[in-house]
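**Q** The lines below spell out each chain.
There are 2 protein chains.
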Amino acid sequence: MVGIKDVARRAGVSIGTVSNVVNRPQVVSASTRARVLSAIEELGYVRDESARQLRAGRSRIMALLVLDLGNPFFVDIARGAEETAQDEGLHVITCDSGHQAEREVSYLSMLAEQRVRGVLLSPVDTSGAALETFRRSEIPYVFVDRRVPADEASSVSVDDVTGGALAARHLVETGHTEIAFVNGPAILAQCRDREAGVRSVLDASAARLSVLETSELDVASGRDAAARLLGMSPRPTAVFCANDLLALGVLQGMVAAGVRVPDELAIVGYDDIEFAGAAAVPLTSVRQPARRLGKAAAELLIAETGESERVPERQTVVFEPELVVRASTRLTR
Amino acid sequence: MVGIKDVARRAGVSIGTVSNVVNRPQVVSASTRARVLSAIEELGYVRDESARQLRAGRSRIMALLVLDLGNPFFVDIARGAEETAQDEGLHVITCDSGHQAEREVSYLSMLAEQRVRGVLLSPVDTSGAALETFRRSEIPYVFVDRRVPADEASSVSVDDVTGGALAARHLVETGHTEIAFVNGPAILAQCRDREAGVRSVLDASAARLSVLETSELDVASGRDAAARLLGMSPRPTAVFCANDLLALGVLQGMVAAGVRVPDELAIVGYDDIEFAGAAAVPLTSVRQPARRLGKAAAELLIAETGESERVPERQTVVFEPELVVRASTRLTR
DNA sequence: CCACCGCCGTGAAACGATTCATGCGCGGCT
DNA sequence: AGCCGCGCATGAATCGTTTCACGGCGGTGG
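One line per chain: the protein sequences are A and B, in this order. The first sequence begins at 0 in numbering that gives the first Met the number 0 and counts up one residue at a time. The second sequence begins at 0 in numbering that gives the first Met the number 0 and counts up one residue at a time.
Read the hints as simulated data drawn from the structure, not as lab findings. Treat the hints loosely; a few may be bogus.
[What the hints assert, rightly or not] Sample of chain B residues at the chain A side, in silico, Cβ under 8 angstroms:
id : residue
1  : 15
2  : 23
3  : 109
4  : 113
5  : 114
6  : 248
None of these values were measured; they are calculated from a predicted model. Backbone N, C-alpha and C fix where the C-beta goes; we use that ideal spot for every residue, glycine too.
Based on the sequences and whatever the hints tell you, model everything.
**A** Below, the structure written as structure tokens:
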């Protein structure tokens, strides 16, 4: 593989000069520069980032480690992060832990060994050992979609308690008194918080709440939940799902069973992914500003890895969710 | 940052010994090994992959560069690739070019500078300059979801002509004679091939074909297409969409306009992403084995980057698509 | 004519790991 | 006793860059 030495020889200059041409073109004379550039071109020289990085001590790559790339919510976060990274001349690589702590650990140690600039992290388990060992690597990280105490790390999240409350209030206000909450696994803070929000509203109302917990936050689990809902008596007239994938699964299950939505069952989802609005019965959903989440997280990370010597202060950014009402809860009378 | 030297000093051994403990534990005596390991533990030493890689000349990372992570089809490819990479002790990083040639170039040069083990590539434009410069870096690459001549590179794809034909034949067989094909941008080989498949069937039938081209392969474009379809006269009784995102958009537009699916309009999608089966009117779709695509591509790449000296031969793997019939084309009479 | 300065280019010293030839001590064999 | 071989640790060379102190050279001002 052709290196800077080969270019130097070909152009008849020293390697220092080649490096200057590549990194600080203005310090080298026009004629030399032209000679070096054409040598680079002829030889097809590609700079070796590992050597560069070894010297520099830091990489130009920022990582995003998400829970589930199959959930478009996280893809939107990735897009947001990429946008701001691009502005800073950084690259983002995306890793998918697929809700498996084991893969999370594996990726984290890979990223630490790579000495990435920083990691945007939506972890399976905050308190876990995964993070404990990663923390020792001194690589800065920012939590995304998960709030943590500011003394531990910066974080960017959306207020899930409020989000849960928004959904619950909407259902109460549209007259439902028999309400189900289809929740994901309780290990996820997001799920616990959304449930807390729901309870805070429903406990103060006349409505009755049933909570169904699923093992995954995906469409298949939603279908399972639909089956369970169909077997309940009295059957709920409204259901709130901890995310849109679950909601879409429930919707499908209901339509398949001939239950009319929203007339016989109102459905509210969470995240407001594109597919929610695009469902045949467009879903009412609690919107999270995913893109802004990604942008903000990347900005915080960049701030933390800035040139300045002083330790930057940790920040906790919390966005507010927003209820988007669509046909799946629209009164038809 | 703590390096191998610090560990060596702490354990009272040479750096060579530390390296041996990490890489070939069996060659160092148990007592020394224990001493080194505890030094590593105490200091929180994390190996610097850039130094390691500089020496080794190759990285342990394989990249996947896809057209659009927002399309679950590509997420499934990523999953497949990750599976086989994991077995080989490699890591996969995923990059999203978002259909932008510019970002594709930017990622490719980043990956070349990283001396990535190889790249799985679903390029915006095969013939483009992006690849031309990348090719000079001598990093092996395999095309995914795009067939190329075997002398250029290995590729793993699905037969799109057959896929288009499958969908068209299904519509003809279910009695439709006024058929629309909602296609994506013709720059994409996939789109051209699917259209060719459709034509091959419909030209030999009594059915009439209208082709609508959209600018993007996403849900919003599908909605736009729905509006256009509604304005046509005679209005088609069946529509085949170049992918499921378009189909979901069309479906939504139709339901919103009060058009009954499949009674007034049958819809066929392509890819068979999870959301297709989960739509309120589950979509008939042409299934592509996305996961196997990813697995196969990763395997080919690994074979090409094997230890053996001899140049491995290029391979062209073509999978067969499969029609999955669901409610969106089911005869209701 | 000398001293100085600015412009360019040079060469060598890092960076942090891996690898390999070498050395050392010790037990066993002749 | 002498020699060999084995097990284990060492230290130096190496990978491809960046960076920086230095120096040559031509021009300018005194």
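**Q** Provide an ascending list of the numbers of those earlier hints which the structure does not satisfy.
**A** 1, 2
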